[in-house]
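A.B. asks: Each chain, written out:
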Amino acid sequence: MNFGKQTNLPSTNMFPNLNHYLVLAEKIFFILGAVIYFIFSLVVVKQTTTMSKNVQDKFNAILIIFSYLHLAFSLLLVIITITIL
Amino acid sequence: MPRSPDLDTIAPDDKVDSPAPKVTVSSPDIPIPSTPVPVTDVHPAPKSHLKPNYFDTPGFHKKVYDILGHTKTPFSSFLVRPDIFTFSEKDDDEEILLVLRPHWFTNVGWIIIATLMLFVPLLLPYVPLLNNFPPNYQFVAVIFWYLITFAYAFEQFLSWYFDVYIITTQRVVDIEFNNLLDKKFSEAGLGAIQDVTSRVSGVSQTMFNYGTVLIQTAAEVNQINFEKVPNPDKIVKILGELRETDQPSLNQHVS
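These protein sequences, in sequence, are chains A and B.
End of the first sequence sits at 85 in the numbering used here; the numbers just go up one at a time, nothing left out.
End of the second sequence sits at 255 in the numbering used here; the numbers just go up one at a time, nothing left out.
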């Protein structure tokens, strides 16, 4: 009677690569999300520029700078996602 | 008794039977065009004949400041005769009297939400499911989250900042950006304004003195609403003043 004791039998895992596929799916999910977000940030830049052309006020330049910073960070996110994941 | 054709003696709604105009053709050789001739207005209605004389005078400016007061901060929702502000559809001879944005209190909701979103990553260790993710995935997820938080706050701010209501010496204008790339521009000439009413309802609107100004017009857009704008009573007053000033122009439109 050796219930609860470890044995030296080989692993009987039927899906040895499941974890690998899961990680791959996560990676694809993150990269896809980052790319879509980058496209969204491009739209934000376009939107801010268009709005600033239509309505000109004191802080338009600051808002455009913020939109470009947002674009830069989203590009950074794409790069980070591809490199470190 | 036959009706008198004299315009001085007939009532305004009396029907006057005038003889039908005779059509005379000078020569049968001249061809009559089958296509309709475009009708041009011989006497186009002037935009406003008072502008150069009255709206540029210091007396008028003083009256505007007396009614509206002076703008204190550049981020104000109530900009009186702003120096820098302009919009793409503005005419050269048009002067901006008042620029309105929704009251600052309308921003409180999204500011609270964005602030709460900032603290969400701190809860990450308390969610067991997310702890199974490798640390580099968690790092990317946190960056992603902060970018989404920034984008949310930025979009809300843009929506507040660029949705403006403008009163000029010639018209009232409503510029709205509903979502990312949807712009709506509505305008009505001062002479076309028929009725102006304001509505302040609810606790916050009463406390902070903001509300909706409803402008009924005879223009293509029959109603322009200035929503959640500060000092609605002052706006009604200045529009009333402008309508009185623009009355000769209105009369000319009618006649």
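These are calculated hints, taken from the structure and not from any lab test.
Incorrect hints may have been included.
Unchecked claim - If you only want the chain B side, here are some residues facing chain A, beta carbon under 7 Å, derived:
#: 1; residue: F85
#: 2; residue: F87
#: 3; residue: Q138
#: 4; residue: V140
#: 5; residue: V142
Built from N, CA and C at the ideal position, the CB exists for glycine as well.
A.B. asks: The structure should be examined with respect to each hint, and the outcome stated for every one.
C.D. replies: These are the hints, each one checked on the structure:
With a least beta-carbon distance of about 5 Å to chain A, the hint placing F85 of chain B at the interface is held under the 7 Å criterion. Annotation: interface hint on F87 of chain B holds; nearest CB of chain A at approximately 5 Å, less than 7 Å. Given hint, Q138 of chain B at the interface with chain A, is violated; its Cβ is 11 Å from that chain's nearest Cβ, farther than 7 Å. Because the beta carbon of V140 of chain B sits about 6 Å from the nearest beta carbon in chain A, less than 7 Å, this interface hint is met.
Restraint check, V142 of chain B versus chain A: the minimum CB separation of about 11 Å is more than 7 Å; hint violated.
Against the hints set out earlier in the document, violations occur for numbers 3, 5.
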